[in-house]
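One letter stands for each residue in the lines below.
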Amino acid sequence: MDVLTENFSLYAKGFLGTLELTVYASLLALALGFVMASFRVAPIGSLRVVGAVWVNVLRNTPLTLLFFAVLLGLPRFGLVLPFQLFAVLALGCYTSAFICEVLRSGINTVPKGQGEAARSLGMSFTQTLGAVVLPQAFRSVIPPIGSTLIALAKNSAIAGAFSVTELLGTYKPLNEMGYSIIWTFVWIAVGYLIITLSISALFNVLEKRWGVAR
Amino acid sequence: MPFRGWIVCADLDTDKWAGQRMAVDPLIELRDVNKYYGNLHVLQDINLTVGRGEVVVVIGPSGSGKSTLCRVINRLETIESGSIVLDGHPLPDEGKELAGLRAEVGMVFQSFNLFAHKTVLANVSLAQTKVRKRKKEEADKRSRELLERVGLADQADKYPAQLSGGQQQRVAIARALAMNPQALLFDEPTSALDPEMINEVLEVMRRLAAEGMTMVVVTHEMGFARSAANRVVFMADGKIIEDRTPEAFFTAPESDRARDFLSKILKH
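First to last, the protein sequences are chains A and B. UniProt numbering numbers the first residue of the first sequence as 1 and each following residue consecutively. UniProt numbering numbers the first residue of the second sequence as 1 and each following residue consecutively.
These are computed hints drawn from the structure, not numbers from a lab. Where a beta carbon is used, it is the ideal one built from N, C-alpha and C, also for glycine. You may find that some hints are simply not true.
Among the chain A residues that face chain B by a calculated CB cut under 7 Å, a handful are [as the list claims (entries may be wrong)]: (1) GLY45; (2) GLU101; (3) GLN136.
Beyond 12 Å from chain A on every Cβ pair, some chain B residues (computed) [as the list claims (entries may be wrong)]: (4) ARG52; (5) VAL85; (6) ALA103; (7) GLN110; (8) GLN128; (9) PRO195; (10) PRO246.
Based on the provided sequences and hints, a complete structural model is requested.
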């Protein structure tokens, strides 16, 4: 218990770091994943290719490698940003590939006739997707998107290795100060649980509110 | 019964029908249309003209290509060769223009395809606001009028799953009518319905026909074909075998294929 009370501000800083990474990267992943999922079901072939390449490159690259590529690679091309922003980029892009596939499988659960009916009424591809298909797909993708975002929260620990302030990284200074490694990690775990259980709770509410199969 | 255009025969004996064809105002024209599913030649050199105000019923055994014929008219299915002309405009490729033409041709599906996440009223109003750019109040007002017309004004706030099949199909017809289409395509509109619900849908369709709506109806309802159609198109194996008045078709079918088909379905 001492380790928490005596170093509360250190823990709080780390906790806030992880929270920020999770929230910003989630927003980026949801936005990018949405765009890429639209690309993957678009009637235009070149957009489908872009979507497929995006998903396959990012989903099949180890996240650590992606962090290296973004944090060390991009500055070489003259793009210098704060490390935290780089970490959000890496995490967000990586997770967007998974979000994209989740959304696409959700789109596939909507019967084909729904889209056909919308198109037969003269609605455009964007209108069909936005007003008819996605709102129905949304209901079935709530649980898997929750899982993906929880994974993102935990993946954010990798950013600590690239000198971004986050929760897992707090063990290093605490360890050097001589605190028990077990209690240090217990409180770190509690911090992660607070974030991941909050995501679970949020998605439970969303599912109750929207996930009704009519 | 109001004027409903002339009876035309698109691809049979030219001389016999030449006089009438001059007078017709063609709304839907299919010329030498061919479509394949892989190796399967589902539409073979289809020629069909539907005049404004005409009601054409397409019948035939399953797998004869009649549903596909219906679906190529608003390009839910693409064709390999031939041309489709709607109201003088060739059917364009995917895009804004195609969407514009689709709005002019309503479609009613076998499985209703009402938007499951929207109320009955929102189902009928959605495309009015999105495509016709009507204001929401204006669209809802028109939707309520149309629901009244199909006898479902009191169901406006329910969800599709809360309605019976026949009610859902009538909503689907109202939804198609809401766009003020020039023609309606019906793809087996009663095939998924319980027998006792078939009539309420056919009644709405009969009324539309009487009001002069241009209709292409794929159906197995021979009674409807007899009473409401100007022409019966009989299809088998991807070809149009006969294209005649219902009276002539049902009393004296010319082809063996049609005779065989009729003998099987009219027996019981």
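Identify every previously stated hint that the structure contradicts and give their numbers, smallest first.
-> Of the numbered hints given earlier, those the structure breaks are 1, 2, 6, 7, 8, listed in rising order.
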